[in-house]
Every structure is written in structure tokens, then in C-alpha cells.
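A.B. asks: Spelled out, the chains give:
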Amino acid sequence: MGTINVSREYSAKEKFFLAAVVQGMIITLKRFIQGFVFHKKYTIMYPEEKRNYSQRFRGMHFISVDENKTENCTACFLCETVCPADCIHIVADERDAGANPYGVRKEKRPLSFDIDALRCCFCGFCEEACPKDAIKLSRNYELSVLTRQDAIYDLNHLKREVKGRG
Amino acid sequence: MDIFTLVQLLAKIVFVFAVSLGVIPFLVWFERRGSAWIQGRVGPNRVGPFGLIQPFADVAKFFFKEFWTPEHANKWYYHLGPIFALAAPLAALTIIPFGSFLVIGDQIVNLQIAHIDSGVLFILAFAGLEVYPIIIAGWASNNKYSILGALRGSSQIISYEISMGLALLSMLLVYGTFDLHLMVDWQKQKFFGFLPAWGVFINPIGALIFWISTFAETNRLPFDLPEGDAEIVAGYHLEYGAMKFALFFMAEYVAMIMASALLATLFFGGYHLLPGTGRILNTIVSMNGLSEVAAQNLKALFQFVSLFLKVSFFMVVMIWVRWTFPRFRFDQVMHLGWKILFPLALANVVWMSVVVYLMN
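As you go down the protein sequences, you meet chains A and B in turn. Position one of the first sequence corresponds to residue 1 (my numbering), numbered consecutively onward. Position one of the second sequence corresponds to residue 1 (my numbering), numbered consecutively onward.
Honestly, the hints are just simulated from the structure, not real lab data. Just so you know, these numbers come straight off a predicted model, no measurement behind them. All residues carry an ideal CB built from backbone N, CA and C; glycine is no exception. Mixed in with the good hints there might be a few duds.
Claimed, not checked - Derived DSS-like pairs (lysine-lysine); straight-line CA-CA distance at most 27 Å: (1) A:K136 with A:K159; (2) A:K40 with A:K50; (3) A:K15 with A:K30; (4) A:K15 with B:K339; (5) B:K339 with A:K13; (6) A:K136 with A:K108.
Unchecked claim - Derived CB-CB ranges, DEER-like: (7) B:Q189 with A:F38: 35 to 45 Å; (8) B:Q189 with A:A12: 32 to 42 Å; (9) A:S7 with B:E71: 47 to 57 Å; (10) A:E142 with B:A242: 30 to 40 Å; (11) B:F56 with A:P47: 21 to 31 Å; (12) A:A12 with B:L182: 33 to 43 Å.
Next comes chain A alone, as it looks inside the complex (with noise of 0.2 Å):
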């Protein structure tokens, strides 16, 4: 391998360099106009306009409840078993019987569900290994925290009704 050098014959307009800048000025200048007086953009406003994402976007997770607002996760591990970034702790618990108007339906739960976002790759595996369709990927972008604890969220924060997908 190497360089390869490929020669290109310049015309003299090409040459002289200053047509070709008065060219690219003009297009400029066409484009400030539209950006001034027409207040043409590509970009949006962020935080009071939001773009619009696909359906199908994943984002920070949710634990679905029931009518009852008793979460729908019965402490399965399928989605720490499939979790490919280790990011979902999940402790199991013994379901307290009288509390549980399903009866044996719903015989475990979780004792704690903690998701560390910061390790999360968001590949939405732990969504499709789910038996109950209790963790979902919701559209929420906005994930910002201050330290890497508060990336580690907890049941109480993930439990959420169904609205749609989310």
C-alpha cells in the first residue's frame, strides 16, 4: 500500500480561487437569511421542546402494579439471569398471604429490586425474559443525577402504573 497520489487537472477558474469564495459566501449568506429573518432552525429549544422518539425507544425502566398497586415482579431472577450488564439486585421475599388477594398467583416478591442505571446498557433482555411483564423499559430519557448512588434506584421508585408502554 502506500499513498496514492491522484493528480486532477484544475481549470483556471478553480485556479484563481476567489470565484469559488464568492461562491461559498453567497451560500452563507443565504443560509443567514433564512436563519435571521425566517428564524430557520435544525435544533430544538431542549428542555421546554422535546424530540419525539420512536415507540419502540428504551429508556429507564418500570415495574408495572396491578389494580391493587402490588407489583406485578414475583422475584423470578429471570431478568438478573439475563441481564448481560449485572445491573438488576434482586432480593426475594415471601408474599404475605393475607395481604395477597390473588392468593397463590403471586406467592413471591421482590424484598428489594435495585437497577444501577449507570451499568445498564438498556438492551431491553431483561423486558423479554420477564414471565409477568413487570419490568418494562419506559421512554423516560432524562436521567441525570447528581451522584452515582441516586443512579441506583429502587423498587418504590420503579414501581409505576401502566400507562400504555409507558
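Position chain B relative to chain A; hints supplied.
C.D. replies: Relative to chain A, chain B alone:
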């Protein structure tokens, strides 16, 4: 020196420096907003109406940042760099005539801070000084990127100074004087009764060479190799923070103002009224029946505004060019400077001497 001379001199100094430093925030604002408009963005629009207060917010930030000096820098030269950078173009501004004269009482006030007979040489001397802050800052920072930027900057400025000087020389042949005030006075006449006798109509090639050279002299794109953000971070002012960086930043704009004012003075009629404004002035004078003194003072004001508008035009073009063209490669800069502009400027000097000989 009596008290009147002293006061008018001080007033002129304060006026020129206040105007040239006072427009910098608006230039910075225009640079940012204008670039946004050209690129289809919005630009800073949060602070104040249309984001006009943004430069002041920037300055406040610069003031409150830590005044930090790198360990490995040469302290004395490190601090000298930004001071030099701002002082040199500001000093050169003092000989730009910004109006004919004012009449106060029975005294005549020439609207030029320093009336120097060899004004052009003074300008060249201070334009030559502009290379020193770059070398000083780049060397004293003790940083490889800074020294690279300084080397590039110094070679570029010195190369383009030659073609700039030759373009100036061709105008010296036409005007037959070193005095900027007399040069502007010369451009008072008219060709064929309508065309103002601006230098650009006599010597268009010289004007073009001078214009291109000012871009290289002030380190503006497409000649911003000393800064070259993409390859050498920020070049010679890489190690500077807070107000020291702000001084470099201001110096760039003052140098731009100086170069534009010089271009307007030499080639675009200096403070002479823009075509058409003379009629407005005459109408105002005859309608209000102003005395001769008042008419002259009003004329001086019009002349200042004319120069201000001309300089603003060149500043806008500089900003416009910056957001149009990419940076030259270093060998292209040298090629343009030494193989195109230098012979062209030399030939132009010969050609202008023929023209001047024929005209007389």
C-alpha cells in the same frame, strides 16, 4: 501644552478606547448568534433580550474563575503575553482618523489621537508587534501545542506582513504621503463627477491583497493556524485561563477592529461620508438653518458614523468568512502567501508606479 489640549486629548483617548472595547461584546454576540443563523442553529438566546447579555455573563465567569498559573510556565513572559496582545492593536488604533475636526469655542479639535507624520510606519510597527504576544505566550507556556501554534503563527504573520506592506506601499505611491490624515483627505475628490476617489477604485488589486492579508494578520479563519482547535487544541493560548484568556480573546477582536479601520482608512475613503449621506446632512443643515460651526460639528459626527459603518461592514465580512471557509493547510498558507500574494503585490507596486506616473 495648555489645559484644553490635554482635556481634548484625554477625551479622544477615552472615546476611541471606549468605543473599540465597548463593541467587543456585541461582536462576540454577533459571532455566536451569526454563526448559529448560518448553521441553522439558534445560538445563545437565554441571557437578556436576544441573548445580548451573554457576553457579559461570559466576562463575569472569566472574572470569577481561578487565576491559575501553570507550574512549568515562565511566569514573567507568561503574564506578559496577554498584556502585549491587547496593548499592541490598541496602540495602533490611536492613529486612525475618525473624523475631520470639531470646532469647540474657537478651537479646532482634530479627530485623531496621535497625529503622526509617518503614520503608516507606526501602523506597520505595531502590526509587527502583534507577532510577539503569540511567540511570548507560546514559548512561555512550555507546552508542545503552544509552541507549535506560536511557530505557525509567527511564520504566517511575518509572511503575510510582506504582502500587506507591499500593498500599503502601492497606496503610498498614490497618496504621496505617510500621514493617514492626508491620505483620507486625498480621497475627498471624485472621479468623473460621481465615483468617490477611494483607494479601492484606483488600486483594486492592492485592496484585495491587503484585505486577504488582514485575515492572516489577525489569525482569523481561514488562516487561524496558530489556534487550530482541531489539531493543536487552542495553540498559543492553550495554557491560559480566566481573564488571561479573555485578554487574548479581546485582543483578537481589537486587532480585527484595527485591521478593518485601517482597511477602511486606506482603501475605502476613511471617514468620508458614505455615498448619499452627504445629501441627508445638507438637508438637515439647511432645514434647521445651522451655523457654520454647528454644521461642521454635525458633519464630524456623520463622518464618525460613516467610518463606524464601514468598519462594521468589514467586521461582519470577517465573521461571515469565518463561518464559510475551513482552515488552510499550513503548506497552502505558505504557498498562497509567498508564491501568489507576494509576487502579485510586487507586480502591483510596479503597475501602480506606472499608473501614478501616467496620472501626473
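A.B. asks: Return holds or violated for the Cβ distance of A:S7 and B:E71 against the range 47 to 57 Å.
C.D. replies: Between A:S7 and B:E71, where Cβ atoms are some 50 Å apart, the hint holds.
A.B. asks: Next pair to validate is A:K15 with B:K339; report whether the Cα-Cα distance is within 27 Å.
C.D. replies: Satisfied, since the Cα-Cα distance of roughly 13 Å is no more than 27 Å.
A.B. asks: Quick one, are A:K40 and A:K50 close enough, alpha carbons at most 27 Å?
C.D. replies: holds (17 Å)
A.B. asks: Is A:K15 within 27 Å of A:K30, Cα to Cα?
C.D. replies: holds (25 Å)
A.B. asks: Could you see if the CB distance from B:F56 to A:P47 stays within 21 to 31 Å?
C.D. replies: Given a distance of about 23 Å, which is inside 21 to 31 Å, the answer is holds.
A.B. asks: Taking 27 Å as the top limit, are the C-alpha atoms of A:K136 and A:K159 close enough?
C.D. replies: Distance ~10 Å between A:K136 and A:K159 Cα, so the pair holds.
A.B. asks: When you take the CB atoms of A:A12 and B:L182, is the distance between them in 33 to 43 Å?
C.D. replies: holds (40 Å)
A.B. asks: Hinted pair, alpha-carbon criterion (27 Å max): A:K136, A:K108. Please report holds or violated.
C.D. replies: Judged against 27 Å, a Cα distance of about 19 Å means the pair holds.
A.B. asks: Take the C-beta atom of B:Q189 and the C-beta atom of A:F38, compute their distance, and say whether it sits inside 35 to 45 Å.
C.D. replies: holds (43 Å)
A.B. asks: Note whether the CB distance of A:E142 and B:A242 lies within 30 to 40 Å or breaks it.
C.D. replies: holds (32 Å)
A.B. asks: Is B:K339 within 27 Å of A:K13, Cα to Cα?
C.D. replies: holds (18 Å)
A.B. asks: Could one say that the CB atoms of B:Q189 and A:A12 fall in the range 32 to 42 Å?
C.D. replies: holds (37 Å)
In summary, the structure agrees with every hint in the numbered list given earlier.
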